[in-house]
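K.L.:
Here's the letter readout for the chains.
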Amino acid sequence: MHLNRRKFLAGTAVAAGAAAFSIPSIAQAKSVKVGLLADKTGPLAEGGIQMEQGITAFLKSKNFTLAGQKVDFIVADTGSNPAQAKTKAQELIERDHVHFILGPLAAFEMLAISDYVAQHKTPILSLAAADDLSQRKPNPYLARASATSSQAMHVMGDYARKVMGLKRVVCIDSDFAFGYEQQGGFQQVFEDEGGCVVKKLWAPLGTPDFTPFIAQIQDCDGVCQGFAAAAPVKFMKQYADVGLKLPVCGGETAGDDALLPHFGPEAAGLITACPYTIDYKSDSNAKFKAEMAKEFQTVAGFYAAGMYVSGMVIEAGLKALHGDVSNPEQTIKALRAVNLQDTPRGPVHFDHFGNVVGNIFVRKIEKVGGKLTNVTQKTYTNVSQFWTYDEKKYLAQPAYTRAWPPVKACKA
Amino acid sequence: MNIWAVLAINSITFGGLLFLLSAGFSLIFGLMRIPNLTHGSMFMLGGYIGASMTLTYHLPFWLAALIAALAMAVFGGLIERFLLRRLANSVLAQVLVTLGLALIIADFCLMIWSGDPIMVDTPSALAGGTRALGLFFPTYRIAIILIAVVIAAALWALLERTRLGAMIRAGVDDPEMARVVGIRVSRLFTIVFCLGAALAGFAGLMGAPILSVYPGLDFDMLPLALVVVILGGVGSLLGSLIGSLVIGFIYNFGLVMLPELAYFVLFLPMVVVLVLRPQGLFGRHAP
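These protein sequence lines map, in sequence, to chains X and B.
First residue of the first sequence: 1, per our numbering; consecutive thereafter.
First residue of the second sequence: 1001, per our numbering; consecutive thereafter.
The following block holds chain B by itself, in its conformation from the complex (with noise of 0.2 Å):
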């Protein structure tokens, strides 16, 4: 087995699912300037709520997704409904609230589903995998790699071709003058809260059959999320897309040629783009 070739392979397919995590990250960082920190407990959530869709109530895997993700977008709007624009005035409470909120959640989904990981699955069509070229490769690693490429091309779709899109594109660029153009920003932040919400549990569906869901895996996906999406650039989409390949390779890569500096490597780079390039690769402005 040629370990650079799983490697190479686990990296675009662990991109692919850093970008389901960041996309939604992404988004809400560009539009209302403040870093998610629920995001990862939404993820979390989304796999919990999936999980036991799938397992108590015998759903089919992608009907659980979309309740997953359904529920996490209910879920996102009440937050930024009655938290989150009550506190409009100060990034710094808003971003603190994300936090509180993560915690709280953390310890909600310990009460319902205990402390035990619980593994999904792989949905039976997707078991299993292909062995070529001396290599084997998962099928539903594979999978997520085209789902990734869907959901970047839905995303990509509704920002650049419908008004929603243009009316966030320009929120992202400039929220003031969106305002005095007459564009609803408040209803915008709300709208694309939600959709990022059902992003993050929607890939915490889709993630679950790799990593399981267990208790602290909110904040074992978050600082990839955050390292993405600023090495990507805040805001933008082929920045998260770009930034979860890169960030995949630099995981699978860094922890094996590097394995003492596994995290070192992995944010090293968020640290010279900071420096360097606040705005990333791709962003409109810095975070």
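Next up, chain X with everything else stripped away, as it sits in the complex (with noise of 0.2 Å):
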């Protein structure tokens, strides 16, 4: 063959070409890959870039091996919008073949995924907190390690009644599902034992000024709100600006640990229920905080807490399948089967639904130290998503929505 420059180039860029082109070999295909769904960028990026750090300081801490296998880690950008959640489940799934998938973060990206990771049957550990998901249209491969929207506040409604003693509330949240879950679960367990809930007042997503509605809170002796990313901090302000005395309860996102360097001292007083708190006392939890720390200098707070033992039940999960997750059904059982003691949270197990059954504590923030802590007032621990009701009971009642359960008119 007369060899000329333009065969010699040719030849050289198909040698490169089929070079760059991995070979699969023997050792690879024994790796578990893991794909974390995460907002990295738009109004949740906040959320989602502490998720990203609580499983890469849990993956890290244990080098990438789990259960005697590699992990292989691949994160994705949800953008905080559901298409893209979608493309980006597609990507994992159909381009990357993941054993398991991580999150996503909000109830909306979980919606737009659901049907989706379901019908290829990929075990999916959401942090997402939609309600349904794990009650009346479940998905059969959930593990759900963080909590449904109305776990925390369940909670919430019961220490309001019964340690805070507050009989009327006005409830404040946002405008969508998260918020309607939230102040429902709440409200249910207010006003079984006896409370009242004046009136809830829902502000739309993206509401810089919360004035208008704080200055509608009256004729209450409390108030329970949800704000869950940047609106914590800027609702706090603006009710001490409202020149408000009340005391504020909220769930597990309005006194998120991770937001306790930003909040201006009119927060001090807070009181929130959330399924991780910041000075609970474990290994597991000394351990993930001060791997926190020192990989990305952060507060830990509920969002990393949540991956990270989402990652622990992955682990868990792993050894009881002697790593092999070729069959997802299996898989899946594996995982709601897990069964942990010592976690960041405490002990930690999955009911039927693949919802988690776990602690939930109630603190309150205060200022220690010259700085703002919180401080765990009461645990709750083994709490389900149903709370003390009966499942079948719970599941017959209506979800909550924005108008359900309602706002009646309180007795004197």
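Simulated from the structure, these hints should not be mistaken for laboratory data.
On a predicted model such as this, the values are computed, not experimentally measured, just so you know.
We put the beta carbon where it would ideally sit given N, CA and C, even for glycine.
It is possible that some hints are incorrect.
Claimed, not checked - Across the chosen pairs, the derived CB separations fall in these ranges:
1) B:L1258 <-> X:T401: 18 to 26 Å
2) X:K408 <-> B:I1003: 18 to 26 Å
3) X:K371 <-> B:S1114: 16 to 24 Å
4) X:E94 <-> B:L1099: 29 to 37 Å
5) B:L1055 <-> X:P328: 42 to 50 Å
6) B:L1099 <-> X:T401: 33 to 41 Å
7) X:P406 <-> B:A1127: 35 to 43 Å
8) X:G269 <-> B:W1004: 24 to 32 Å
Stated by the list, open to error - Just a few of them, taken from the derived set where beta-carbon distance is under 7 Å, the chain B residues facing chain X:
9) D1107
10) D1116
11) Y1214
With the hints as a guide, bring the two chains together.
P.N.:
Encoded structure:
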């Protein structure tokens, strides 16, 4: 063959191209692929970035090896929007062939991908709190180690009534599903124990100034809020600016430990209920906090802890399966059978819908040593998504929405 | 606590903040005929820079605000000179560039300041409030009104009493004739863009003790600036002032009286104005 420059260049290009394609080696086939769907950009980016930090801290501490298996960790940015979440979920499942999906963060993203993920039989350890995914419209491949939206708020309703002694509460939250489900959970337990919700105020997402809503808080002895992302910080400031001094209680995102460095002094006294709290005493929590401080110089919060614990669940599941993730039904069964005693949030196990049963901490923001921190007031153990209600009766009642439970006139 | 009184006061103070945000937007829209979609981002970036100045470098609040304004002025000048001027033939391209920049700035802020909201403490001289007539008047919010009035007066003096202001008004009225008369309109564009950016950056830090600074602040505030300027009239200072007050009232009372229709109530006046009187209440020409 006459070798001229053109043929030489073509031949080199083909050889280089062939070398660029990775040759699957036998050793690589044994690795476990874990994909993370997190909002790394967009308005929910704060939580998404912390999710990535939480799971990265866990995997780094285990040298990216779980139950003797190497872990391939792939991160995908959902951009805080459902369409992008769907696209990324497709990439993770169809292009990267992940064995587990971690996340996503937001309920609207989870709802966009839930059917697709279930169709492709991929176990998903979601942080997103949408209640019905483990209740009336369950996803059979879900193992949720965080909580449902209402899980912590059932506890808050009980604490607000029995310990804080509140009788009449105004509920204020963002005008979307997470807000409805949180306030619904609070209202049901609070009213069942003799309290009364005087009114429910819904602020549209993206409201810069909550003052018009705060101005409507009257005729009550307490306020319950469930703001998330950046809103809790400015809500507390604007609440103080209106001059109100009534006690405020809130949900898992309202007093998130990761926001502690950003709250102003007006946040002292805020009581929230959360599946994770910074001062919980366990070996793994101490380890988790140290790793977050070392790797990312950040205060660990609910988003990071949720993913860290999910990582621990994957590890325990892999141990039970002896590393065999080839059968998705067996995999999800193993995940749901996981029962851990020592995690950053305490003992966790799952109910038959795949939702976590574990501690819910009621904590108050206090100034300790010149800085604001969360101080645990009471720990509720073994809290399930149904509170103390009978499961069948709970599922027979409507899902928590803007209009349900309805606001009724209070007696006296 | 009388809810209507609280709402009325907050309407005026929110209107003050909106004026600081939208005065620059109105001037840019009036002179350059483009809605500057980067305006919300400059508000947010000014807020972030000012917040860093106060929290990390412990500079006094007012000095930080000045630095934020200057930084945004420089930034705005660079955008106008190197990006917008090259696209002077196509208004659509300029608008799209400002939108693209807004997205880039949003990601840039995320990289530098991460996703956590930053709350700036109210400057200590203006902290707290006074209780009178059964109401609570937060001092800082009242101060925003005064600051808005001072800025409005300064801008009015600039536009009505200086040669530069006369040239800007001429450029707003009729850029072609202004060029014929010998006014270097493209240089005016740069000056006005810098001024608008500086006002936005300053407003960003002014708003920070009330709104905090967080990812998403840019697109939370931009629609409000747009509504104010369309309603009040493009290129008119008085229009921005009146428009800000009107929107402040609509925002506060609308959210209370018709919460389900919150943003509908806010944008309905804009639609009505565009259909019936496109130049707005005090504008010189249609946008």
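K.L.:
Which of the listed hints are not met by the structure?
P.N.:
none
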